[in-house]
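Undergrad: Position chain V with the ligands relative to chain P; hints supplied.
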Amino acid sequence: MTLATLTRPWAAMSYGFLDASAKREMRRKIIKAIAVPGCQMPYASREVPIARGWGTGGLQVTLTLIKPASVVKVIDQGADDSVNAASIRRFLSRVSGAAETWDTLEATILQSRHRIPEERLRDDQVLVLQVPNPEPLRPVQPNMSIARQMHADADYGRLWLVLYEQMVRSGRIVQGAAYPSLVNGRHVMTPSPIPRWDVPKLHMAHHLTLLSAGREKRLYAVPPFTRVEPLVFSDVPYQVEDHAGLTCHRSGLSGVFMNEIPQDSGGSVFEASDSNLGIKAIRQAEGEATKIGPMWYENGELRP
Amino acid sequence: MTVMERLAPQLVTGAPLLTMSGISRRFGAVVALEDVAATVWPGEVLGIVGESGSGKSTLLRMMNLEDTPDTGTYHLALPETPGNLFDLDRFARRQLCARRIGIVYQNPHLGLLMGHSSSGNVAERLLIAGERSFATLRAKAKGALEASEFPLTRMDDPPRQLSGGMQQRVQLAKAIALEPALLLLDEPTTGLDVSVQALVLDTLKRLQRDRAITMVIVSHDLGVIRTMADRVMVMRHGRVVEEGLVDQVFQDPQHPYTQELVHAKL
Ligand SMILES: Nc1ncnc2c1ncn2[C@@H]1O[C@H](COP(=O)(O)OP(=O)(O)OP(=O)(O)O)[C@@H](O)[C@H]1O
Ligand SMILES: [Mg+2]
Chain P
33 MTLATLTRPW AAMSYGFLDA SAKREMRRKI IKAIAVPGCQ MPYASREVPI
83 ARGWGTGGLQ VTLTLIKPAS VVKVIDQGAD DSVNAASIRR FLSRVSGAAE
133 TWDTLEATIL QSRHRIPEER LRDDQVLVLQ VPNPEPLRPV QPNMSIARQM
183 HADADYGRLW LVLYEQMVRS GRIVQGAAYP SLVNGRHVMT PSPIPRWDVP
233 KLHMAHHLTL LSAGREKRLY AVPPFTRVEP LVFSDVPYQV EDHAGLTCHR
283 SGLSGVFMNE IPQDSGGSVF EASDSNLGIK AIRQAEGEAT KIGPMWYENG
333 ELRP
Chain V
71 MTVMERLAPQ LVTGAPLLTM SGISRRFGAV VALEDVAATV WPGEVLGIVG
121 ESGSGKSTLL RMMNLEDTPD TGTYHLALPE TPGNLFDLDR FARRQLCARR
171 IGIVYQNPHL GLLMGHSSSG NVAERLLIAG ERSFATLRAK AKGALEASEF
221 PLTRMDDPPR QLSGGMQQRV QLAKAIALEP ALLLLDEPTT GLDVSVQALV
271 LDTLKRLQRD RAITMVIVSH DLGVIRTMAD RVMVMRHGRV VEEGLVDQVF
321 QDPQHPYTQE LVHAKL
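Protein sequence lines correspond, in order, to chains P and V. Each residue of the first sequence is one higher than the one before, counting from 33 in my numbering. Each residue of the second sequence is one higher than the one before, counting from 71 in my numbering.
Next up, chain P with everything else stripped away, as it sits in the complex (with noise of 0.2 Å):
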C-alpha cells in the first residue's frame, strides 16, 4: 500500500473554493438562521477572490451550497451580463464545476443584488440576497450592542419613527429599498436593497431564501412559507412601485419591474429590470420556444 492510495490526488484548491472548516461553519450558522427565521447570526466571513461589499457575503453563502449538479444564475440590478455578475458566475462554475444559467427556471442557486426575479421561485430553488447592511436598527440606533437588546426585545417602536417622520415630511412613506419587514412575527431584518415591489415575494414563499453580509459578518434567512410583512401603519397601507400601468420598450412586457431609461429628448423610456425575463418575453414572440414560467404579479397585483 502507497501512501497515495490513503489520500486524494492533489489539487489547487477545496472543492467549492472555501476549505472543508469554513464550509462546516457555513452550514451551522445557515442552519441556525433558518430555524430562528430573521435572526442576524454573527460568522467569521472569510477571504474570497473578490472584494468586501462586492457580494462577498452571497458568494460565501453560494460557495457552501453548491454541487457539481447545481445549476447558477447570478444577477446584478436584474441583469445576467453584468461584470460584476458575470465574473461572480463563472467563479462558481469554475471552482465547482456547476453550470451556468441565465434562466430563473432552470437555477437551483439563485444569486442576487438589489432584485428577486419575476418569475415565481419553485421549493426546489434557494435564493441567496447579497447585504450591504444587515442591521435595520442602524439608522436609528448607531450602537450595535444596544441595537442587539433592541432586537432581543422586540423593541421595534423606532423604526416606525422612521416611517412616521417620512410621512410627516412627505406626506407618504418614501423608503424605497431595503425596506424593514417583520419575519415570522418576531425579527424585524432588512431584506437587503430590493425595491418594495420585490419585498413581498419573500412572505410565505416555497423557496428559502439567504441573506448574507459579507464585511458585516452577519448572515439571517426567510425559510420557506414564512411569514415576511413590511412595518406599516394600520392606516397607511403598504405600496409596491407603481410600475403596473409601464411597458417595456424593447420586450413589450408590462406588468413588471422597470428601469427607467432617460432619452436624449429630455423623456424616458422603461424596460424591464429582469433582463432575462426581457430577452425570453422577446424570443417567444419572435416564434423561439422559450417557456415563461408564472409570475409573482399579474397586471400589478400581487397574485395569491
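Think of the hints as simulated: they come from the structure by calculation, not from any bench. Errors might be hidden in some of the hints.
[Claimed, not checked] Far from chain P, by Cβ distances over 10 Å, these chain V residues were calculated: (1) Glu-104; (2) Ala-147; (3) Phe-156; (4) Glu-312; (5) Phe-320; (6) Gln-321.
[As the list claims (entries may be wrong)] Stretches of chain P that chain V covers, calculated by requiring three or more beta carbons in the stretch to come under 8 Å of a beta carbon on chain V: (7) 185-192; (8) 196-203; (9) 265-277.
Note that the structure is a prediction, hence the values are computed from the model and not measured. Glycine included, each C-beta is placed from N, C-alpha and C at the ideal position.
TA: Frame of chain P, contents of chain V with the ligands only:
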C-alpha cells in the same frame, strides 16, 4: 384647594402610589444613597431638595427603574405591578416605564432624540406602547405638545434647533403623552432663564391641577419646591435628613442642614 384639603381624603384611604424603602446604593467608595425611604400618595407632588451630590438624581433614576440599588424595595400601587419592581427584568421594566412613568431630565440630551422631529419624539413613546395608527400618533403627539404649551408651528422641528425651554416642553410632552401614573422631574427648570423658568413652572402647575398627576420633582431651588410641591424631602450625603409638608419644613426647619438651607435662601 389647600394642600391639607387635597391630602386629607388620601390620608384617610392611606394607600400610597409609590413606596420605596431601605434603598442603599454605592458607586465604589461613594455612598450615593443610604437607607432611603420615600412614599408618595396619589395626586401628590413630592419635592426633593439637597446639595449637589446628595443622591437626588440617583434616587429619581431608581424610581424610573434605570438603576437597581444594592438593597431596598420599590412598589407602585398599580394593578399590573405586584411585588418589588427591582425584581423585574429589563423588558418588563421598559414596558412599565413606557406606559406608567414619565420623566423629564435636567439634560434634554438624555431624554430626547435630538436629530428626530419633536412630534416624533413624542410619537416614539406611543409607538413603544404599541400605537400603530399614523393619524392617532399624529393627533396624540399634537395633543401632548399642546398640553405642554409647546408652539405647534415648530412641532416637526428637531429639538436640536429649539431653545432650552422648548426642549424641556418636548420632554414634558413625551412624558405625559401616555397619561403616566407617575411623573418624575429632575431639575426641570435649571439652566433656563428666570422668565422661561416661571413659564415652565406654570405649565407644570396647570398640568398638575388639570390632571392630578402624581409628581416627584427634584430641585436644589427652594423656590421651585415651594411653588410646586405639597411635601418635601431634604437629602444630604445620600440620606433623608428631614421630611414633611412644604410649609411646615420651610417655616420651622428642624435639622441644622435644613435650617442653613432655608436661611441661606431667605
Ligand atoms: N454612575 C455613577 N457612577 C459613579 N458614581 C456615581 C454614579 N452616579 C452617581 N454617582 C455619585 O453618586 C453621588 C450622588 O449623585 P447624584 O447625581 O444623585 O447627585 P445629585 O443630588 O443629583 O446632585 P446634583 O444636584 O449635582 O445633580 C455623587 O457623588 C455621584 O458622583
Ligand atoms: Mg442631579
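Undergrad: The structure should be examined with respect to each hint, and the outcome stated for every one.
TA: Cross-check of the supplied hints:
1. With a least CB separation of 31 Å from chain P, Glu-104 of chain V remains clear of the 10 Å interface cut-off, as annotated.
2. Non-interface call for Ala-147 of chain V relative to chain P: holds, since the shortest CB-CB distance, roughly 26 Å, exceeds 10 Å.
3. With a closest Cβ-Cβ approach of about 18 Å to chain P, Phe-156 of chain V is found to remain outside the 10 Å limit, as its non-interface label requires.
4. Under the 10 Å C-beta cut-off, the non-interface status given to Glu-312 of chain V relative to chain P holds; the minimum distance is some 40 Å.
5. Its beta-carbon lying about 42 Å from the closest one in chain P, Phe-320 of chain V satisfies the requirement of being farther than 10 Å from that chain.
6. The claim that Gln-321 of chain V is not at the interface with chain P holds, since no C-beta of that chain comes within 10 Å of its own (minimum 47 Å).
7. By the rule of at least three residues with a Cβ nearer than 8 Å to a Cβ of chain V, the coverage given for the segment 185-192 of chain P holds, with 5 such residues.
8. A count of 5 residues in the segment 196-203 of chain P with a Cβ less than 8 Å from any Cβ of chain V is obtained; the coverage claim is therefore met, three being the minimum.
9. Counting residues of the segment 265-277 of chain P whose CB falls under 8 Å from any CB of chain V gives 4; the rule of at least 3 is met.
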